[in-house]
Every structure is written in structure tokens, then in C-alpha cells.
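Asks: Here is how the chains run, residue by residue.
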Amino acid sequence: MGYPETPIHVDRLNRIFTLSESMAAMAPITLSVNGKTVDVDVDPRTPLLWVLRDHLQLVGTKYGCGIAQCGACTIHLNGAAVRSCILPVSSVGNQRITTIEGLSPNGTHPVQQAWLEEDVAQCGYCQSGQIMSAAALLNQHPAPSDEEIDAGMNGNICRCGTYLRIHAAIKVAANTEA
Amino acid sequence: MALIQTTYNRRSFLKVSAVAGGGMVLGFNWLAAMDLEALDDVPESLVELNGYVKIGADGTVTILSPNPEFGQNVKTSMPMIVAEELDVDWRQVVVEQARFNNEVFDRQFTGGSQGIRRAWRGLRMAGAAARHMLREAAAHAWRVPVDEVTTADGVLYHNASERSAGYGAMASAAATMPVPEQVQLKDLEDFQIIGTSQKNVDGHKIVTGQPLFTMDQHWDGTLVAMTAHPPAFGMRPKAVDDAAARSMPGITDVFTFKTFEDGYERNYFDTNAFPELVAVVGNTTWEVMNAKRALQIEWEPIEALESTTDHDARMAEMAAKPGRVVRRDGDPEAAFARAAKIVEGTYTAPFLAHNAMEPMTCFAHVTADQAEVAGPIQAPEFIERTLSARLGLPPEKIDIALTRMGGGFGRRAYGHHMVEAAVISRQVNAPVKLMYTREDDMTFGAFRPAYHATYRAALDADNNLIAFHVKAGGIPESPLHANRFPAGAVDNYLAEEWSLESNITIGAFRAPRSNFMAGVEQSFLDELAEAMGKDPMAFRLELLERARTRPVGEDNDYDAARYAGVLKLVREKSRWDEEATPGVSRGVAAYFCHNTYAAHVLDIVVEDGTPVVSRVCCALDCGIVVNPDAASNMAEGAIVDGIGNALYGSMTFEEGVPAHDNFDTYRTIRHSEAPKAIDVHFVENGIDPTGLGEPPFPPIFGALANALYRATGTRMRAQPFAPHLERQM
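If you read the sequences in order, they're chains Z and B.
FYI, my numbering numbers position 37 of the first sequence as 58, with every residue one higher than the one before it.
FYI, my numbering numbers position 653 of the second sequence as 822, with every residue one higher than the one before it.
The hints are all genuine.
In silico lysine-lysine, DSSO-like type, Cα no more than 27 Å apart, as pairs:
no.	chain 1	residue 1	chain 2	residue 2
1	Z	57	B	374
2	B	223	B	566
3	B	374	Z	192
4	Z	192	B	742
5	Z	192	B	845
If you're looking for bench data, these hints aren't it; they were derived computationally from the structure.
Please read these numbers as outputs of a predicted model, since none were measured by experiment.
All chains should be modelled from the sequences, with the hints used to inform the complete structure.
Replies: Have a look at this one:
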């Protein structure tokens, strides 16, 4: 039972972000979030996660580890799953950001519907990230194999242990989309 | 129909009042209806329960769910029980999370798998009493005998006169009816909601990312706070240079504070190894996170700095000495002296971190004369007392909102984070949201203790089991339950325990003590069955048959027939007795804790040299199952969690410093490592329900160890198992 491959391998946070005691100056940054253009005035090194949560009040994207190991902060950049907790906001540019709030109008995305059908959640905290990873996986593999689901979802930890239902829901969503 | 007395004592009352715009509110407090038998691993003061119903003039039925929700699904299943007896259409029910209020509700506590068990009767009474008062109101209005008024799906009927009215139309009048002194409950076969699978009432909010958790709450003017705690158990801050942190953008305050004042007498849940912390307060999370890391703190040791290597050596020393005898049947020493063969096994497990996905967090707004807090907390009653003492405010001036918890597993019974948030809020004179980083969360303490157990069994020349001996201990507590199986099934039985003190704090962790004892006991029984040449399933059933028909001793804390019942069910459902499938290695384990019986058969196949859990078959006896699909989900989660902790869970220490502080080195089970299939089966017996959050968890450790032995030839006696497997493969 070897350590599974996770989609993103990173070093520890304090080695990623070289912190100086004088933070970089605040800078106006324009982002495309859930189809809208928004302007924020932040330190350009701020991870996108905290810009979403603290500045834009999009709190569906969760903090879990801060080092891209748990997947709770997963969002889409141009439709691909990205860990927002280690992504400096300055590196986003004009890429399209999609958060759980913008995945669909009112929870109608096939993955969200499948999550409800399988009644996946227990505490629910990790599920935004799980859903965003699953939706990106299905963008890439519309009919994923078990192995593709395993590989695509191994970066998202669920401490309640709902993995089997997540797996089943992804298959339901794949069939819905097909 | 069962007629039950709504017995009262001085604290027991029904509160009925009309609400603005019509309708009624029924509150209840039926302490006397609750049995007071001792709880499993929960302080005895937590014995009470309550609930709450609101019916609007428009017929809307709102049911408040009293207990804190952390994924065990009580926010759905508790209101289902009220709705059943109220006789309403579940689809018309709106569920609200109650705030903490021990004037109206009792036992707003999440822990010990007691939520449904303790609430069962009171929630039914709430629904039934409200229904009765609605029928009385209709009888008055229609001038017919109340016995002729029937209900269905939230509508009152008088069939003879062909009259009907929705609950909403009668709700205001119902509020003026006398509270019934006795109410009739439905027969089990008349249940229409209980026993049906209903979806999580918060499912839509979860999948659309709405702000459900404390971490998500936002109030205008709220500051973000973080704390720095010592890097090692046994240390405190000596000198703080906060000049750099203070000068960083967005930072409003940096100060050192004490969570508890000197001389404060802590309650059961005031666990905290670090009385003095450094707070950093500012405008945004990222700014505060950076400023915290710019703090220059000199720490000083004030107690011993403990290491795991030393712990292990001291535990081995203790295990070699006589322990404190907690149970003795027959003459075990004599039986061991005349044994033809002695089977022995020593088992160990490390400290574990809970690692709930939402790190510890709390919102607090404390002013001179009141405190408003919202936080993930399993034991709000205790934290209210602590906050009252710390803030010098009477309990009625402290308002606690029970926000949905992003996991808990026992960790959130300990509310130091709420005290910290409150103290910081008062100091900075503003509402604050306290946030732990993952590193703060994983290294703060309240861990599952480290444990050690040695089992011995004596066999006579005919391979009969003649004596059984367990000696168990841990840091800082013994995991032993003196009167658990196989006590009661062996003539000569000896149980001893010991413990070692430590300054590393521990806390309840999903099925405290059982989470170790079940796995090791069930592993040893497997070793014993092998030594006796018996099928492990048949051997367990043989012991349970002995305990059922001719029990040894009188204090055995399990029902041997129900215990055997789950084993028989799992034997049938897993097709245990059929010819083995080539390549599949099976392990069985069963356990009783928290009033519920659980048995698992776990199958392993080896793929490319790696053991893979291909299937787990689970049988449970928790009496009536309120919400079957959600109950299965709970069991599936417990199985995955147990396999993960058995394989990977470990927290070690060097000179007081926790060796792991995030998920890059603290390994947790991931998607691809979960069993490929889990099927959950329930014994159907109509017995009043017991809990499920914990019971399926402990025995899976044993089922996994036993299957791994058959797959690999190696007994897994030391947790975590994965390092042993990796060396071997």
C-alpha cells in the first residue's frame, strides 16, 4: 500500500512562499470569477484561496492544509482543477476562475446532482473541492475508468470516508453527461 | 399503540405559545423521561434531551434539530423522528439547527454515539404531544369527540362529518389546549418516515458551497485572529519579539494571553496543554498568517520534553510488571500453570491526531456585558460554563450558535478554541474569527492516547481454552473495559491495567479506548483460533454461545445473543462458509460498544504485490434504523476511517515536538485506498435505536489485521500497519 500519487506534489508552504518581513505593496488585480470581472486590491502573492474567501466572500472554496495536499481548495482555471491555496493571485492573469458557487446555476451541474442522488456528504466540508475535482476529471475523461477516477480524486482527502459514494457519484454523473 | 406517560419532575415542562401571525410553538423538556444509565465514555452528567416544533399558520412545519451536527446526520434523522409522530409529510418539513439553549433543550451534545438513543423517546413525545393538541383543537372547533379526529400528512380529519383542516389552520388554537399528560405513540409497523431513506437536509447547501461552517461566517468589522502555541509539549513563551509582525500590513494587534486564568478549576472538556498563547489579529487571513510567521518567540521548557522512543520503553516496562487487577474470574494463575500450551501476543498503537477537515475555528464577539460565539463544538454546555467563568458573564449573557462542524471525531468536544476567540475578541474590542492553520490544528494536542496490550491464553492438552489474560495500558490512560467480551466466556479470566502520566494532552477519539481494544482483542482471538485449529468465525460464535448459556460472572456488559447475531448475519451475507475465492484473503472481527453491535468481514486481494481491500461486508445491530441509507453512509465512513488509521495513523514526538504537522507527512487514507465495495446490513429487531457514529469503527482494525495476516503471513501487531507491509512487499 504505497503512498498514492497525488495530482500536485509540492514542498512545504514555508519553502514555497519566501516570506519577507516587508510584504509586497498592494496592487490592483483584475480577475475573471464565475463569469464576472472583478477587481481586488491585494498583495500580489496572496493565494487565490484567500482572495476568494476574504475579499470576494466566495467561501464555498475551503481551506484544509495550505500546501496543496488535501484538495479542499480546488477550483477551476480554464476548466482544469487547481489548488487555490498555493496559487498566487498574481499568476492567474486572465484565466477563467470557476468556484463551486459558479459551477452551475443553483446546483444543476450533473456532478452536483449526482452528489445529491448518492447522498454523498457527511460533514460536507471537503465536498466543494471533491466536486470541483470530479467536474474537472469529467471534462478530461467523460467516461472515466475506476483507475482514472482514483488518479483524479487522490488529491482530495475526505476524513469522513465518503470515497465510495464519491466514486459512485462520479459514475452517475458520467452517465448523465454521456 | 404504546401509551406512554409524559412523566414530569421539577425541570420537566412543556412550553406552548402562539407565534406572531398565528401558529404554535411547542417546546419541551422531559428530563424525567430519560433513563439515567451510565453512558459509554461520556460523563454521566450528559443524560438529557430536548426538541422543538413550530407550526406556522400556513401549515409550514419547522422542526429544530437540537444536537450539533458534524456529519453523523442528526440534523436529518432527529427531526424525522419528530415528524413521524407529528404525522406530517416529511417533504413539508423545514429543519433548523437550534442554538445552544439548555433552558429549552437538554443534552445538546454530540459524542458517545448517544444522540439518537438518548433523544428517541423525547423526540417521539414531542411529535406525539403536538399532534394530540392539534387533534384537541380540531375536536373543539368541530364539536366532535377528540377520539374521532384522525390525522395524515399534516391534515386533521373527522370522517363522519367529512371535515378536514390543515395543521396550520388549527395551530393557534392548539397552542391554547392543555398539554397532555400522556400521549400515544405509533406502532412500529405504522411508521411512514422512520425506516425510510431520506436525504441530508443540508445536501443542496453543501454541493453549492453555501456558507455552512464557522470558517465561512462573515460579519462586518470582523477581524481575523490566529494564535501561536509552543512548538513542544512542556514549553511556554518566554519572550516575544513582535516588532516585525506588528509592522506588517493589515495587522492590528499582537499580544500574549492566558486561555484560563490562574487558579481556574477546569472541567472535563477544558483540555489544553498550552495555557499561554500569542495572538495575532488583523484584517485578512493571509496577512495574519504571514505576521504570525514573522513572530520571533523564545520558548522555555517548564516541564519534561517527552519522546516516543522513551514512551515505548516505559510502556514495555509497565507491561512487564503486574498491573492493577480490574477483573478476575476463577483461578487464572493455576490454569496458566497447568496449561499444555500458552498463546501470547503483544499489540501497540501510537497517538493519533483527529485531523478534522475544518481546522479549529471560532467566531466570537464579546462586549462588556455579553458574548456571542459561533463555533464547531460537540459539547456546548461545557464550553458555556467555561466561557462564563473566563469572561465573568452569567450564562444567559452568552449566546452560542451551533454551526455545522467540518468533522470532529471527538476533537471538538474540547472547546479551548472558543475561549481563545472570546478572550481575543474582548481584548481587541471587536468581533473576531479565530482560525487555526492545519499545522496549529495537528500539533495542539487532545490526541488519541498511545496504547499497549498483552494477551495470553492457556490451552489444555485437548486444545481447550482454559484461561484468558489481558493486560493493557497506555499514555496517559488504560484502554481496558474490564467486563467486555471475552470476559464472561472463559472460566478463568484475568484483566489488568496500568497507565503512565504525560504532559501530551489526549482527548476522545471516535470510540475512545474501544478504537484500540477492539482491533487487538479481535486480532488475538484470530491468533488463538489458529492455534486451536478452529475457524475464526466458528470460534467466536462458540465463545458467545458459552457466554449466552453459561456466563462467567455477572457484570458482562454485552448481550451475547445480539453479539452472535451480527456475526451470524455477516457470515451469511459475506458467504463465509462457502468455498474460498482463489486470491481472496478474509478477516473477521466483531465488537460491542456504545450500545451497538458490529461485525465485519474484510476481503483482501494482492494486486502487483500490494494488498487491496476489495470488499467489506458489515453487519450492525443498532435496533431500529431511523434513516437506512444515511446509516449505511455512516458505517461506510467508519470503515474507511478505521482502515486508514490502522494502516497509516501515527503521531510521534521528539523532545515534546509533534513529528507531523500537515498532510504531507501525516498520512490519511485516500480515494484509491478505500475498499472497492462495502455492503452494510442491519439486524431487524424493532429494539429502540442506539447509535452508529462509533460502533462500526473499532472492529475494522481487527478485520483488516486478520485479513492481512492471511494475505501476507505476517501478524499485524503494531499500528500503523503500512510501514510493516512496505518493508515486507
